[in-house]
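Undergrad: Spelled out from the first residue to the last, the chains are:
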Amino acid sequence: VGFPNVRRADRPEEVKQLEVRLAVAYQAAEAKKSTDQLKAFQTAVETSEAVMNRSLGALHSWVSEGGPLLVTFHSQVRSGARLFLDNQWDEQRTSAENTISPGYYENLNLSALCLDRQGMQHYGPYSVTLKTSLIALRTSVFEENPFLFNRRHTVISGDRCPPGFRASWQNRASLAACKLGSKINQNTTNGEFPGILLHKAATLTSEDDFVEVHTYGPLHQRTIQHVRGPIPRKRSDRALWNQIKRRLKVLGASRDEV
Amino acid sequence: MEVVISGQAGIYASVKPPVLYSLDNREAISLKTHNLGLAFQGCNDAKRVQVDTIDQAREVCEASWANDRSLRCILMFLDSSEVADDRLEFAECVEELISDFSTGAFLLNQLSCSPLPPSADLGMLDRLQESCPQTLAVLHQIVRDQPIIEGVSEALQSKLKEVFEDGRQRSSFFELLVDVGASRGLVDAIRDNSNIDMLVMRWIGQFRHIEGARRLIESWTAGMRSKKRINVPSAPDTEEFEDFESSRQAAAGSGRRAFEQAMKQQAAIVSKLKSRDLDGARRFVDDLIATQKVSSSPEHIGKSLSNLSHEAKELGVPELHIEWAEEAVKANPSDPITFSHLSDALISAFRFNEAFAAIESMESLGASLAAASARARILRMTGRFEEARVVYLAAAQSNPFDPTVTYVLQGAAEVLRDMSRYEESLSEYTKLTETYPLEGSIWAGRASVLMDLGRFDEAISTFRISETHGSARVPKNGRATAYKRRGELTKALKLYDEVVREFPNDPVALCGRAEVYRDQGNLDAALIDFRIAVERSPFTPTPIMGLVETLIDLRRFNEAIDLINKAVQQFPLHAGLASLRAGLLSRQSKFEDALAAYDDLIGQFAPIEV
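Which chain is which? The protein sequence lines are A and B, in order.
First residue of the first sequence: 285, per this note's numbering; consecutive thereafter.
First residue of the second sequence: 243, per this note's numbering; consecutive thereafter.
One or more hints might be untrue.
[Claimed, not checked] Simulated crosslink set (BS3-like; lysine-lysine; CA at most 30 Å straight-line): (1) A:Lys467 x B:Lys516; (2) A:Lys415 x A:Lys317; (3) A:Lys467 x A:Lys415; (4) B:Lys289 x A:Lys518; (5) B:Lys516 x A:Lys529; (6) B:Lys555 x A:Lys484; (7) B:Lys258 x B:Lys274; (8) B:Lys832 x B:Lys673; (9) A:Lys317 x A:Lys300; (10) A:Lys463 x A:Lys484; (11) B:Lys516 x B:Lys506; (12) B:Lys555 x B:Lys736; (13) B:Lys401 x A:Lys484; (14) A:Lys484 x A:Lys529; (15) B:Lys736 x B:Lys516; (16) A:Lys463 x B:Lys274; (17) B:Lys555 x B:Lys808; (18) A:Lys484 x A:Lys467; (19) B:Lys516 x B:Lys289; (20) B:Lys572 x B:Lys555; (21) B:Lys258 x B:Lys289; (22) B:Lys258 x B:Lys808; (23) A:Lys518 x B:Lys736; (24) B:Lys258 x A:Lys484.
If you are wondering where the hints come from, they were derived from the structure by calculation, not from laboratory data.
Using the sequences and the accompanying hints, generate a full structural model.
TA: Spelled out as structure tokens, the structure:
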């Protein structure tokens with residue numbers, strides 16, 4: 285019973301191994317005299333949110349869903365089916381995801397665990413924070429990008445993924461503490477926590493690093509808590525953004541223009 | 243290079259190396275390949291395309307963005323839950339996008355694929371009269387066609403469910419059909435009471451690589467085609483087409499049998515055309531028409547003849563191209579398409595005065611765009627390039643949503659080529675390929691300009707794209723020519739051979755092959771091919787020029803001058819021949835004659851009334 289990603293994260297071997305990792309993280313913190321900082325970090329991450337980044341067009345489709353006009357002429361004609369059937373360019377990612385979330389990866393929505401609602405803007409200028417209360421039960425978190433994870437742990441297709449690197453939403457802070465404990469020392473301040481939790485690449489060729497949030501099933505527009513994004517420059521884009529703002533108001537979501 | 247684009251997101255990315263670009267000029271970002279997909283999350287229009295440069299990718303993405311925004315904005319204009327001022331703002335955005343990015347045809351394609359839902363509010367259309375005339379024209383057409391759209395859409399949805407069990411395949415194929423404007427094509431044809439057979443054949447050919455596509459297209463259009471099919475009581479079976487009596491009996495048979503028989507007849511005619519058996523082809527066509535007369539209307543006979551005339555053109559048999567076009571006009575003088583084919587045939591044979599009469603007839607029957615295009619073509623062929631371009635552009639502007647406007651816009655781009663304004667021509671072609679990415683002839687035109695500019699690699703890859711969107715004849719010839727001009731004669735020869743095998747009368751392939759022989763110093767072989775081309779394309783002056791030049795190479799001046807004198811008489815309006823003649827006279831030191839010939843040449847191209 286339950287959503288497959290959450291069931292998997294709650295398997296006893298996953299939970300047990302996560303506890304082992306957490307204990308090791310705290311032992312290491314103790315040795316570095318940074319236990320308090322690590323605890324503070326873990327506490328901060330208890331309040332973290334899932335943020336996904338979207339383009340204006342994708343956001344517009346999302347907030348307009350259910351409108352018969354767009355459904356008839358846009359969603360239907362652009363169902364994404366062709367993208368699925370013609371996605372060789374994205375095989376590396378889909379193959380890695382299938383290894384980490386076998387049998388259900390297609391039903392997962394990916395976002396990043398965040399403390400500052402900014403997300404990863406180069407994957408889409410509009411950062412959408414999801415309502416925790418509406419996603420918590422069907423959401424799990426995973427250590428990092430599955431492709432990098434597989435490479436780091438020499439997991440090849442068909443292998444079992446080692447346990448202890450995923451958690452249910454309720455245990456997200458533990459996973460973050462396991463993963464990022466080594467980056468926290470006795471001088472780390474609370475203000476640095478957002479950048480530690482979601483590390484944006486400093487150079488164009490290095491990797492972004494964040495705890496992946498996997499939410500099972502479609503995300504209704506009512507899961508939107510907050511949108512942060514720029515005012516577009518082109519007239520038709522501005523018209524869409526203005527409409528998005530009106531819809532967000534109706535949906536009870538807040539927004540920031542940057 | 244391979245790129246992924248999404249108009250919805252306004253982003254595009256090269257795949258190798260993976261670099262992400264955006265239309266709003268954010269800094270380009272190098273990504274890891276495994277992260278490329280993240281940038282396209284939430285977009286359902288991402289697609290792979292082949293382009294020559296990253297700038298070209300940007301243009302394709304921009305066109306895709308404009309299409310996406312046009313559709314969203316026009317739908318928001320129809321949304322009654324929006325306030326009036328916002329709806330008018332959306333309409334003005336659509337107007338701007340139609341003007342700046344020619345998104346009108348895309349909108350018609352999309353809006354023809356499903357009926358407007360009952361909640362669509364048409365109450366504000368009259369407020370678009372002044373500020374948004376192009377948007378209003380699109381909406382008027384869609385509103386007028388609603389009953390037809392409903393029928394076409396219902397039939398398609400039901401057949402999709404029948405043929406494709408997998409939902410993704412179903413959706414994917416539906417998207418493909420919408421992209422090529424299939425629903426719109428049917429809606430237009432039904433509204434105009436036109437024959438849809440050619441459309442159906444085209445789609446079957448286009449999607450032949452997709453399992454189930456043929457079955458779907460045939461069953462989807464069956465109800466629409468059946469009205470135009472022979473429908474007479476039963477008759478015996480027949481296998482042999484040569485026997486007129488048996489084919490007539492087949493016509494009187496079941497619809498299916500009659501259809502199969504007609505297919506056999508057409509295949510036999512094509513075979514005769516390929517072998518240039520003119521008498522045999524005539525006999526078969528006479529039989530086909532006699533069969534049709536048993537049960538079909540003059541309208542259908544006219545269309546059959548028109549189609550056959552077009553087939554003759556494609557297979558390089560100009561005599562029958564003209565002859566059958568004339569027969570088509572006689573059979574159905576009220577159809578502008580028959581006149582359009584006739585004018586095309588006459589223009590191709592440089593019989594401009596006769597062509598004008600056909601052009602006037604088609605114009606009087608309402609085909610104003612085709613008429614303007616034909617006039618512009620004559621202006622082009624007589625060297626009046628500036629005027630030709632003006633006529634092309636004015637015609638396109640007056641008929642922006644006509645499905646054939648692509649040919650007119652292509653004509654305008656070709657004129658720039660004629661005037662050696664290659665960069666401008668390339669720029670126009672690039673825009674056209676973005677707006678009409680499935681039109682093979684436009685890709686071929688773009689490739690030809692690239693070849694003019696000496697960009698042979700890009701030309702060859704662009705011809706390859708063209709080959710995937712239509713007949714292989716032109717792009718294969720194009721590739722062969724590119725190889726030839728790059729000095730890769732073996733590759734060129736191989737491709738020309740392939741075309742000649744498939745289209746044995748094609749003068750471009752024959753002359754191209756002859757030119758390769760010339761370059762290789764094999765003048766005898768060149769002479770043979772040029773002679774075949776002259777014989778098989780008696781209304782085309784290009785092979786004669788090749789033949790004359792080869793005779794000059796062989797220093798057989800007397801034969802050359804005899805031939806060119808006759809050719810100049812036969813094609814008095816062909817500047818190339820006249821110029822070649824003057825040059826030949828000069829080369830023979832016949833300076834007085836050469837001067838007179840140049841004077842004639844200048845005189846011939848004094849402005850003529852069009």
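Undergrad: Taking the hints in turn, state whether each one holds.
TA: Hints versus structure:
no. : hint                : result
1   : A:Lys467 x B:Lys516 : violated, 77 Å
2   : A:Lys415 x A:Lys317 : violated, 36 Å
3   : A:Lys467 x A:Lys415 : holds, 28 Å
4   : B:Lys289 x A:Lys518 : holds, 23 Å
5   : B:Lys516 x A:Lys529 : violated, 64 Å
6   : B:Lys555 x A:Lys484 : violated, 62 Å
7   : B:Lys258 x B:Lys274 : holds, 10 Å
8   : B:Lys832 x B:Lys673 : violated, 49 Å
9   : A:Lys317 x A:Lys300 : holds, 25 Å
10  : A:Lys463 x A:Lys484 : holds, 16 Å
11  : B:Lys516 x B:Lys506 : holds, 15 Å
12  : B:Lys555 x B:Lys736 : holds, 24 Å
13  : B:Lys401 x A:Lys484 : violated, 49 Å
14  : A:Lys484 x A:Lys529 : holds, 28 Å
15  : B:Lys736 x B:Lys516 : holds, 20 Å
16  : A:Lys463 x B:Lys274 : holds, 22 Å
17  : B:Lys555 x B:Lys808 : holds, 24 Å
18  : A:Lys484 x A:Lys467 : holds, 14 Å
19  : B:Lys516 x B:Lys289 : violated, 39 Å
20  : B:Lys572 x B:Lys555 : holds, 19 Å
21  : B:Lys258 x B:Lys289 : holds, 15 Å
22  : B:Lys258 x B:Lys808 : violated, 57 Å
23  : A:Lys518 x B:Lys736 : violated, 50 Å
24  : B:Lys258 x A:Lys484 : holds, 23 Å
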